[in-house]
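Participant: This is what each chain is made of:
Protein chains: 2
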Amino acid sequence: EERNDRQLLHEEWARYSAFYKYQPIDLIRKYFGEKIGLYFAWLGVYTQLLVPASIVGIIVFGYGVATVDTDVPSLEMCDERLNFTMCPLCDGACDFWQLSTACGTARASHLFDNPATVFFAIFMSLWAAMFLEHWKRRQISLSFSWDLTGIEEDEAQVSPGADDVVFSQVAKEKLTWKDRLPGYCINVSSILFMFGLTFSAVFGVIIYRITVSALMAMSPDPETKSNVRVTVTATAVIINLVVILILDEIYGAVAVWLTELEIPKTETTFEERLILKAFLLKFMNAYAPIFYVAFFKGRFAGRPGNYVYVFNDYRMEECAPGGCLIELCIQLSIIMLGKQLIQNNIFEIGIPKLKKLLRVLKEKGEAEEQREEQRSRPPQQWNLDYALAPFEGLTPEYMEMIIQFGFVSLFVASFPLAPAFALLNNVIEIRLDAKKFVTELRRPVAIRAKDIGIWYNILSGMGKFSVIINAFVISFTSDFIPRLVYQYMYSPSGTMHGFIDHTLSYFNVSNFKPGTSPHSSLLGDITVCRYKDYREPPWSPEAYQFSKQYWCVLAARLAFVILFQNLVLFLSLLVAWVIPDVPKTVVEQLKREKTLLVDVFLREEKEKFQLIQSLFVKDASLSSERHGATLSCKYELT
Amino acid sequence: EERNDRQLLHEEWARYSAFYKYQPIDLIRKYFGEKIGLYFAWLGVYTQLLVPASIVGIIVFGYGVATVDTDVPSLEMCDERLNFTMCPLCDGACDFWQLSTACGTARASHLFDNPATVFFAIFMSLWAAMFLEHWKRRQISLSFSWDLTGIEEDEAQVSPGADDVVFSQVAKEKLTWKDRLPGYCINVSSILFMFGLTFSAVFGVIIYRITVSALMAMSPDPETKSNVRVTVTATAVIINLVVILILDEIYGAVAVWLTELEIPKTETTFEERLILKAFLLKFMNAYAPIFYVAFFKGRFAGRPGNYVYVFNDYRMEECAPGGCLIELCIQLSIIMLGKQLIQNNIFEIGIPKLKKLLRVLKEKGEAEEQREEQRSRPPQQWNLDYALAPFEGLTPEYMEMIIQFGFVSLFVASFPLAPAFALLNNVIEIRLDAKKFVTELRRPVAIRAKDIGIWYNILSGMGKFSVIINAFVISFTSDFIPRLVYQYMYSPSGTMHGFIDHTLSYFNVSNFKPGTSPHSSLLGDITVCRYKDYREPPWSPEAYQFSKQYWCVLAARLAFVILFQNLVLFLSLLVAWVIPDVPKTVVEQLKREKTLLVDVFLREEKEKFQLIQSLFVKDASLSSERHGATLSCKYELT
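Here the protein sequences line up with chains A and B, keeping their order.
Here full-length UniProt numbering is used: the first residue of the first sequence is 1, the next is one more, and so on.
Here full-length UniProt numbering is used: the first residue of the second sequence is 1, the next is one more, and so on.
The set of hints was computed from the structure by calculation and includes no laboratory data.
Certain hints may be false.
A pair holds if it fits inside one copy or across any two, identical chains being indistinguishable in the list.
Claimed, not checked - Straight-line alpha carbon distances no greater than 20 Å define the calculated PhoX-like cross-link-like pairs of lysine-lysine that follow:
hint	residue 1	residue 2
1	Lys-265	Lys-584
2	Lys-591	Lys-339
3	Lys-591	Lys-265
4	Lys-436	Lys-608
5	Lys-136	Lys-35
6	Lys-436	Lys-355
7	Lys-265	Lys-435
8	Lys-548	Lys-339
9	Lys-450	Lys-30
Computed from a predicted structure; not experimentally measured.
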């Protein structure tokens with residue numbers, strides 16, 4: 001009983017060793033207010049639901065590992081006897097190459113690109129729907145037990161720009177659309193500019209990859225040559241990551257500035273608009289390179305003899321021979337893990353520590369003269385607390401989690417381990433945030449809130465968007481559909497044998513444009529090379545046109561998207577319908593409360609009636625003493 | 001002031017001449033209760049929103065009429081010089097024929113199958129979303145002005161089966177799942193059986209069409225032969241219609257019986273389950289033949305030389321040469337109009353009149369002995385009213401409208417005039433229902449209801465379903481996509497010239513199976529005939545296999561479905577987001593009410609406090625008289 005709430009929170013909640021425990025949500029709410037309480041409750045539900053997702057993800061990955069040695073396509077790719085001579089990967093400097101040298105990526109691909117992934121994508125779409133439903137229930141339970149049902153947003157609370165002189169002057173008169181127009185124009189153009197910036201960054205990295213690969217391929221050193229792909233991919237992703245981290249900080253600041261320009265009326269509108277803008281910018285920033293790899297990379301590279309060039313000199317890049325999915329997987333995992341590690345360690349631990357150090361140093365100088373009095377008595381808790389960093393809102397915390405939710409839902413078809421990594425991160429994140437709130441920040445002003453607000457809409461929008469993205473990843477980025485089509489339409493034996501041969505088109509070396517054929521070849525005299533595409537062979541009357549297989553596979557891919565999307569939509573509706581929004585206990589409790597309230601009301605009315613009666617009938621001064629107490633009892637107004 | 005509510009309703013509302021007037025919803029609610037009030041309010045919103053839909057639909061149809069003379073594909077089909085010799089439509093008895101003889105259907109097709117239809121389909125999907133949003137707003141306004149917000153379904157009200165002896169005995173003890181299991185089993189199997197019945201009816205009509213066509217084609221009379229298609233189509237649709245009308249009545253009764261078997265606990269659950277079952281059965285019943293024509297007819301007919309046969313003798317039917325869309329349109333319009341006309345005239349006017357007559361006759365016989373007393377005084381209003389038919393619930397009224405909403409939304413891409421016909425019907429329907437409620441039925445017991453209940457879910461589900469159905473109708477039933485593909489991928493001139501030639505495949509007459517080629521031909525010596533499909537010509541190495549064009553068109557069709565569905569989903573979300581659920585006036589009103597309530601509460605508390613004070617301070621018997629009145633004033637509890 002002698003420990004105060006803060007000490008209790010510190011001992012029971014804000015420690016890594018408590019990671020397995022449920023959070024003391026009611027105490028958090030008591031100490032920090034509803035808004036922060038809801039954040040931790042939400043984070044708790046999310047983390048808890050990541051557990052089954054992680055387990056299924058690990059099983060799916062395990063299935064990939066277990067079947068990699070029996071997977072016919074990757075066995076065929078690794079089989080040197082099949083002797084597929086591939087067309088060179090760059091003009092002039094690159095030689096023809098044997099497909100079997102790409103064995104490693106083929107095997108790695110299979111880990112993420114197998115039939116279990118399709119199941120996992122459906123599972124995760126439903127998981128997202130389930131998560132939203134669960135959170136709705138939890139929110140309703142909490143708003144019931146915390147008595148938040150009656151709260152309306154306090155409309156009078158003016159936006160934080162109010163301490164700005166210009167703002168408060170303007171705010172006095174009602175703003176017309178003419179006053180607001182410039183703000184909106186700057187907003188739209190700035191956001192478009194930021195989008196442009198993001199795309200330029202992505203394009204810049206593409207150019208980097210293309211030029212460096214070309215330069216390295218020309219190098220006479222064979223060691224350099226053989227490491228081209230690994231070096232370039234790794235450095236490019238790291239550049240991407242750094243760009244994302246830097247732009248993330250810039251965009252955060254820009255979003256605040258833009259929202260202030262709009263001069264929203266209330267605190268709530270301010271926050272909502274800020275969140276929406278910041279989310280849009282940060283989402284684009286984090287996902288643009290991933291979208292590029294998933295849906296655009298290698299699709300505009302042309303074909304041997306008719307490649308697409310950028311800046312007249314550099315061939316557009318293609319995917320690794322194992323397919324684009326493995327590159328997507330690398331991109332995704334590095335950006336996800338890098339973002340989490342760096343943001344957690346540097347932005348959430350390092351920078352606050354640094355700021356604290358600076359503040360302490362600065363205050364030391366200022367407090368030089370006051371030192372005398374301070375020395376006389378021990379420092380008070382409020383002085384110590386004042387030295388802590390100010391609380392800067394929950395938006396960054398939510399934003400980090402929502403972007404992570406994107407990694408877990410949007411592209412989960414290509415990286416089944418994402419939920420496991422997210423779980424690992426969140427278990428740490430909860431305690432890290434808890435420590436920060438309890439020990440590093442000044443105790444924030446408690447704010448009431450009846451729900452998590454616009455974040456729910458963003459989550460639900462992302463859940464919807466993830467269905468179509470996953471459908472496209474499975475059907476267009478992975479090799480799932482071509483394999484099915486081959487097995488059921490083209491395979492002579494009904495098995496996967498011959499699949500690799502079927503996906504490779506023929507190219508007659510004499511059709512190379514002058515100067516683009518390899519200068520010299522170690523593989524001897526090659527007349528026909530192969531490339532991955534469905535095109536007519538050189539001896540067909542429609543040489544190098546898309547073949548019938550191409551259209552057939554395309555139709556199958558599109559049919560799969562329709563099937564997947566509608567199946568998941570239907571199942572999600574079913575999930576939402578099966579899980580009732582209001583938990584049964586709450587319904588019963590509410591009913592009981594209502595009955596109780598009616599009883600109380602009736603009793604009060606009866607007593608009032610008796611009082612009046614007694615006043616008229618009996619001696620008034622006597623009876624009034626007896627009933628005075630009854631009258632003063634509180635009426636509850638719901 | 002001397003007219004009572006019923007007379008007022010009769011004069012202002014229940015007359016056809018008042019069709020242009022807004023309905024006196026508040027009066028309807030006052031006289032009939034909330035539930036019936038909500039029905040008419042809903043019908044009003046629906047009818048009102050049908051006006052813009054009808055106008056756009058008529059414009060779209062007008063566009064078809066205006067462009068029919070300049071439409072290249074139908075001009076080409078009518079051009080006798082192009083001389084397409086088509087393969088025979090039946091084995092042996094049928095001759096080869098010239099495509100130009102199908103000119104009429106080609107032109108008719110264009111009326112419904114033109115680019116404006118695509119726009120209209122998108123428009124109508126958004127219209128459905130808009131309708132739902134508008135109704136939500138209206139419902140919230142009404143529930144505010146009728147003070148329905150606090151209503152909870154009266155859970156204690158037992159289901160209508162309660163007067164059944166068996167039921168009430170069982171209801172005494174709590175039913176376990178073991179008691180309910182047989183009911184559920186009977187339910188599921190009965191519903192499956194009904195589905196089977198519906199499908200059999202559809203299949204029966206198909207068989208009728210196939211056999212009668214074959215028999216008529218064999219007839220020596222040339223008059224009979226030339227009218228085959230018209231006669232068979234017309235009679236078949238009429239049979240369909242009759243079957244639908246009969247099964248509709250049977251299914252309604254079966255649904256009631258099945259729901260009683262389930263022994264639902266309350267009136268509300270009973271109604272919901274009944275509605276769901278009845279809707280499922282009637283929906284299947286009304287739409288099964290339409291679905292068949294839209295998506296299955298002609299797709300399993302095989303190709304010349306390799307037709308599909310049913311019962312070993314009869315070739316599967318194909319669509320008319322103008323395309324399946326025109327058949328869909330005929331089917332849709334006849335079933336929709338027939339259902340409306342017959343149900344309105346016979347079931348809603350004729351049968352009640354007949355029943356009334358029977359009742360009057362019956363009562364005349366019974367009342368023979370009481371005639372003496374009755375003659376002495378004029379008949380009282382309550383006696384006259386007792387002679388009216390009893391009220392049988394709103395379910396049939398809603399059901400009729402919901403099935404109509406299906407015609408307006410589900411297949412609107414093939415029949416842009418549907419909204420106009422629905423509007424025409426509803427303008428009459430409102431007044432017909434009004435007349436019925438005011439003059440033909442006993443005044444129903446007023447039932448409170450806070451919304452239209454499960455009907456809203458059904459409407460919203462239909463809205464969602466209509467998106468995918470319309471996408472498929474446009475891309476698979478109409479010729480929109482093949483035309484686009486031809487124009488942008490195959491046309492040498494970039495125009496539609498040559499489209500008809502491109503859609504017809506070649507067939508070598510010598511490849512007919514023995515006995516299936518025409519016995520004699522008026523067109524002379526034919527070696528090659530044409531048929532509508534994308535297949536390789538006889539001189540190709542893969543003769544009669546699906547050609548590259550087939551897969552290409554298929555891919556385009558599927559891509560269109562994805563595009564259409566996601567575009568409409570996105571726009572619908574936008575519509576739902578732009579139209580706020582709660583109208584601004586209501587929000588403001590609610591705020592004002594809340595402030596008022598707080599004021600009243602504070603005043604009351606203050607007065608109470610003053611009363612107590614005065615009781616203690618002043619002379620008690622004097623002050624009590626003055627404040628007694630204040631105390632008795634009602635506390636409002638929200």
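Participant: State for each hint whether it applies.
Facilitator: Going down the list of hints, with the structure as the test:
no.	hint	result
1	Lys-265 x Lys-584	between (39 Å within a copy, 17 Å between copies)
2	Lys-591 x Lys-339	neither (48 Å within a copy, 45 Å between copies)
3	Lys-591 x Lys-265	between (38 Å within a copy, 18 Å between copies)
4	Lys-436 x Lys-608	neither (54 Å within a copy, 50 Å between copies)
5	Lys-136 x Lys-35	within (16 Å within a copy, 30 Å between copies)
6	Lys-436 x Lys-355	within (13 Å within a copy, 79 Å between copies)
7	Lys-265 x Lys-435	neither (34 Å within a copy, 52 Å between copies)
8	Lys-548 x Lys-339	neither (44 Å within a copy, 46 Å between copies)
9	Lys-450 x Lys-30	within (15 Å within a copy, 37 Å between copies)
The earlier numbered hints that this structure contradicts are 2, 4, 7, 8.
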